[in-house]
Structures are given as C-alpha cells and as structure tokens.
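Top to bottom, those sequences are chains Z and R.
For the first sequence, the working numbering puts the final residue at 1295, and the numbers step up evenly by one.
For the second sequence, the working numbering puts the final residue at 386, and the numbers step up evenly by one.
There could be a bad hint or two in this list.
[To be verified] Keeping only pairs whose Cα atoms sit at most 25 Å apart, straight-line, the calculated SDA-like set for lysine to any residue is:
| id | chain 1 | residue 1 | chain 2 | residue 2 |
| --- | --- | --- | --- | --- |
| 1 | Z | K1292 | Z | H1269 |
| 2 | Z | K1151 | R | T69 |
| 3 | R | K122 | R | L362 |
| 4 | Z | K1151 | Z | V1261 |
| 5 | R | K193 | Z | E1247 |
| 6 | R | K365 | R | V246 |
| 7 | R | K112 | R | T69 |
| 8 | R | K365 | Z | R1293 |
| 9 | R | K53 | Z | M1132 |
| 10 | Z | K1292 | R | R355 |
| 11 | Z | K1292 | R | L362 |
| 12 | R | K365 | Z | N1152 |
| 13 | Z | K1292 | R | H242 |
| 14 | R | K193 | R | V245 |
| 15 | R | K112 | R | L102 |
| 16 | R | K122 | Z | M1132 |
| 17 | Z | K1151 | Z | G1231 |
| 18 | R | K365 | Z | M1132 |
| 19 | R | K122 | Z | A1238 |
| 20 | R | K122 | Z | L1142 |
| 21 | R | K53 | R | L161 |
| 22 | R | K365 | Z | T1291 |
| 23 | R | K122 | R | A104 |
| 24 | R | K53 | Z | A1255 |
| 25 | R | K122 | Z | V1288 |
| 26 | R | K193 | R | I97 |
| 27 | R | K193 | R | I211 |
| 28 | R | K365 | Z | S1221 |
| 29 | R | K365 | Z | R1243 |
| 30 | Z | K1151 | R | V246 |
| 31 | R | K122 | Z | M1284 |
Just so you know, these hints were derived from the structure itself, not from any lab.
If you're wondering where the values come from, they're calculated on a predicted model, not measured in any experiment.
Residue-level listing of the chains:
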Amino acid sequence: MFLAFALITLLGALGMLLQKNIIVAGLFMVAAFFGVAGLFVLLANPVAAALQLIVYSGAIMVLVLFVIMMLSSHEEEAAEVGHPIQRWLSVLLALALAAGGVTLVLASKGVRQLAERGAAMPPAVTLQGVGATLFEGHVLGFEVAGLMLLAAMVGAVALTKRNL
Amino acid sequence: MDTLASLLHMSPAVAWMVVKIVIVFSAVMILASVWTWVERRGSAMIQDRIGPNRAAIFGRIRIIGLQQLLADGIKFFFKEDLAPTDANKALFWLAPFLAFVPALMGFAVIPFGRSFTSGGHVYHLSVLDPGNGMGMLYPLAIGGLAVYGVLVAAWSSNNKWAILGGMRSSAAMVSYEIGMSLSVVALFMTTGGYDPSEIIAAQGHLPWHWNVVPHFLGFIVFFTCMFAETNRLPFDFAEGESEIVAGFNTEYGSMKFSLLALAEYAHLMTASALIATLYFGGWQVPFVANPTVALSITSFVLKLVFFAWVFVWIRWTLPRFRYDQLMHLGWKVMLPLSMVNLVFHAWRMSQGH
C-alpha cells in the first residue's frame, strides 16, 4: 500500500515537472496530492487526508486550472536565451534541500523513539482531536491566520472592485 | 456468512467486505441506469406527454418502456467511438472514468441499514465501517474530486463550448462547496461527532427530532448546493444546452457519453443518500424505535428514491438560472444563510441546549 501511494505521489510530481502542457501538469499535481492523501491515511491521520483532498485538490487546484483555462496560452514557452547555470544551481539547491530534510528526519525525536520502542500504530487522529488541539494549544496562531486571511480577502475585493 | 467465507478460502471480514461492495455498487449502478428512464418518463408526465414506451422485447413485451434502458445500452455500445482530431486523446479517454469513479466512491461511507450481530460478529451495513476516522469528510473530499471529470472532459475536447462549460462548472462547484461544508459543520457541532452512523443515531426515530427540523436553514442550503454539486438543473451550467451546445460533453458520443451521463445519475444517488442520512434520519424508521434490519434498509431506500425523484421533479419544474444569478445565489444568499445557521446553533449550544 505504501509503495503504491508513494509511487503515485512521486510519478505525479515528476510528471508535473516534465510536462510542457500546463493543464496536464496541473492534473499530474492532483495525482500527487491524491498520493499524499493516501500516505496520510496509512499514517493513521484520515482527517489530514480528507482535508488534503478537500482543500488542495477540491478547491485550490480547481481554481488554478480555472485561471489557466481563462488565459489563452496552455503551452509553456521555451526561454529565449538559455541559462545553463540556472539548471545546475537548481539541481544543487534541490540536492541540498533533500540532504537537509533527510538528516533532520533521521535526527528527529520520533525516529529515535521508533528505534527504541518499535512501531506501533498510533490511535487515529479524529476531527475532535484536531479541533481541541487548535483551540487549546494554538489559539493565537489560529486567530492570526484567520485575521490574515480576512485581510487578504478584503484586499482582493478592494483591488478588483473599482467602485465599492 | 462464515461457511460461505470458508468455501471461498477468505476470512469472514474480507468476504463480508466483498459482498457489501458488490451490493452497494451494483445497487447504485442499477438505480442510476433506471433513473435515466425515470427522468424521461417523469419529464413526460410533468409535461403531459407519454415518453419512451415503445422499446419491446421481440416486438411484444413492453414493461412500461423499461427496455429502453437495454436498447440505449446496446445502441451506445455499438456506436462508433470517435475522438476529435485536435483533442488530447489520452485525457479525452480518461475523462469519463474520472467522472464515474468518484461518483460511485462517494457512496462508500453511507450506512444503508442498521448494524446487526450474527455469530459473534458485528456486521455494519456500510462499505467503510463506522469509526474509520474519515466519516462525513469522505464524501466531501470525493465530491471535491468529482469536478475533475467535467473539467478534463471539457478541456481535452478542444472545443470552445466545452471549455466554457467546464469553466462554469468548476467555478460553480468551488463556490457552492463552501456553503455546503458550513451547513454540514453545524451538523457536526450539534451531533458531537462526524461519523454518519453517529449522526443517524443522534437523530432518533421521531421525525420531529430529525436534523431537518432544528437545521432547517442548513437543510435548504445543503439541498440547493447538492443541485450545483451534481450539475443538475436549475444549475446545470456545465451543459446548458440552450446556450453552449451541450457544454462539456459536446464532443462525446457512444459509450464515453453514456459513462458521463451515468456518472451524473450515480452522483444524484449519492446526493440523495447524503440528504437522507444527514437530515432525514438515514435508516431510522419513523415511530419504530428498534426496526428490524430489513425494515431499516427499506426505509433508507425509500428515502433515497424519494429524494432522487425530487431531483427529477425540480429539474422539470424550474427553468435554468442565468450564470450571474447562480454566482449571486451562491455567494450572497447561500453562504450567509449557512453562516447564520452555524452561528445560531453555536449560540444555542452555548446556552446549554
């Protein structure tokens, strides 16, 4: 199961990178999101999986594809002047990021605990648990995020609407 | 059950799962295909016509035209499978499946009868057992994926009417999903749980305790949003025959078109099942505290069929909205209404009800 979802995620991400057609690339990205949602279910976190599908595949990607469809050009244009240094720089940066991520995960508390105690399936995360955590431990962050979103929304309306 | 499982060399749990999947999916498929006929006969009834009643086996046996299904199926199978020259072939083939699979998957979490115990096992009558942690988030997530069928079909046809239909549909779905989710959130709050079986158990068997009474506003919002989600008239902007030819399925023919149409009806079945589960007590039988399993299944199916008929009824009663009216209704009426519903129930709960 893990391999299947991991493959879906990786192939989706690869397809998104290599595909020249923007809409097809977007659909590959949806496949990658779906794979990540499957991984969340395997990690006993069905709430995160559902939210991943609702928010990312169900809303954000639909809006992105909507905007792309509204614009006329669906093909990526080739750069007028090649910049080979950019390519090498990006490969280097990606490698550094991957190395950093792997070292951080291997050094984390969870992995050490896993080595000591062995893997036991934790109880599945519930919606009630997520809500309680948000409002007990992270009230400030939650409210600030809400305020930021409200500000962004007001800003978007003010920018696009000429006469309020 | 156990003997059957041992005969097939499966554990009873796996055998029960397979049986449930086969029952649920074949029931939804059969209902969906029957509903293509109900739609035509129903529209005929509403418009004072007769409708399709000529199809017959051996030119003789006509059961009020029910063979029309068979005739349509055979016809669609034998039609030539065309794809436009400039279409994106792979996506053009993929789109009907992208539409069809989520439409069937959404039903998996809905309990279609009460659980029962037999031989020491508890058997739950829903494909995903209660307590799976996804609960009502699952149909919302799958509903969010359903838009890709329309979107991919629209874009891959390389036809400007199709793209217009796809764009309209994606915009409508995203705007109506917010109001729908908020009205479901109010249900989670008053129930104290988000599993469909908890929601059904909390409603009890008395019709005036069903969620439709305390959550009447939420019900109106959810019901309206279901029309937008299933792309049914008065909100079928993805198709809009009088404006954009046939919208997203302009270029589709043969079995591919048939799959798209079946996906719409399978969606309709899931939507009616959701309405029955969330607001009308699911498998609860009115005034019967402890119904038998068969009675509870009958009650659920009756509710489902009734709401599926309401979808047909409304389609042939109301004219199609204009596109700006749809957006206006979604953002300026449905969203505030569901927010009022949410705040009202939060206030009532804070008062200790």
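For each hint, the structure was consulted:
no. : hint              : verdict
1   : K1292/Z / H1269/Z : violated (35 Å)
2   : K1151/Z / T69/R   : violated (40 Å)
3   : K122/R / L362/R   : violated (37 Å)
4   : K1151/Z / V1261/Z : violated (39 Å)
5   : K193/R / E1247/Z  : violated (61 Å)
6   : K365/R / V246/R   : holds (24 Å)
7   : K112/R / T69/R    : holds (19 Å)
8   : K365/R / R1293/Z  : holds (19 Å)
9   : K53/R / M1132/Z   : holds (22 Å)
10  : K1292/Z / R355/R  : holds (22 Å)
11  : K1292/Z / L362/R  : holds (19 Å)
12  : K365/R / N1152/Z  : violated (36 Å)
13  : K1292/Z / H242/R  : violated (45 Å)
14  : K193/R / V245/R   : violated (42 Å)
15  : K112/R / L102/R   : holds (16 Å)
16  : K122/R / M1132/Z  : violated (30 Å)
17  : K1151/Z / G1231/Z : violated (29 Å)
18  : K365/R / M1132/Z  : violated (44 Å)
19  : K122/R / A1238/Z  : violated (47 Å)
20  : K122/R / L1142/Z  : holds (20 Å)
21  : K53/R / L161/R    : holds (9 Å)
22  : K365/R / T1291/Z  : holds (18 Å)
23  : K122/R / A104/R   : violated (28 Å)
24  : K53/R / A1255/Z   : holds (24 Å)
25  : K122/R / V1288/Z  : violated (39 Å)
26  : K193/R / I97/R    : violated (40 Å)
27  : K193/R / I211/R   : violated (28 Å)
28  : K365/R / S1221/Z  : violated (46 Å)
29  : K365/R / R1243/Z  : violated (52 Å)
30  : K1151/Z / V246/R  : violated (53 Å)
31  : K122/R / M1284/Z  : violated (39 Å)
Consistency note: the structure conflicts with the earlier hints numbered 1, 2, 3, 4, 5, 12, 13, 14, 16, 17, 18, 19, 23, 25, 26, 27, 28, 29, 30, 31.
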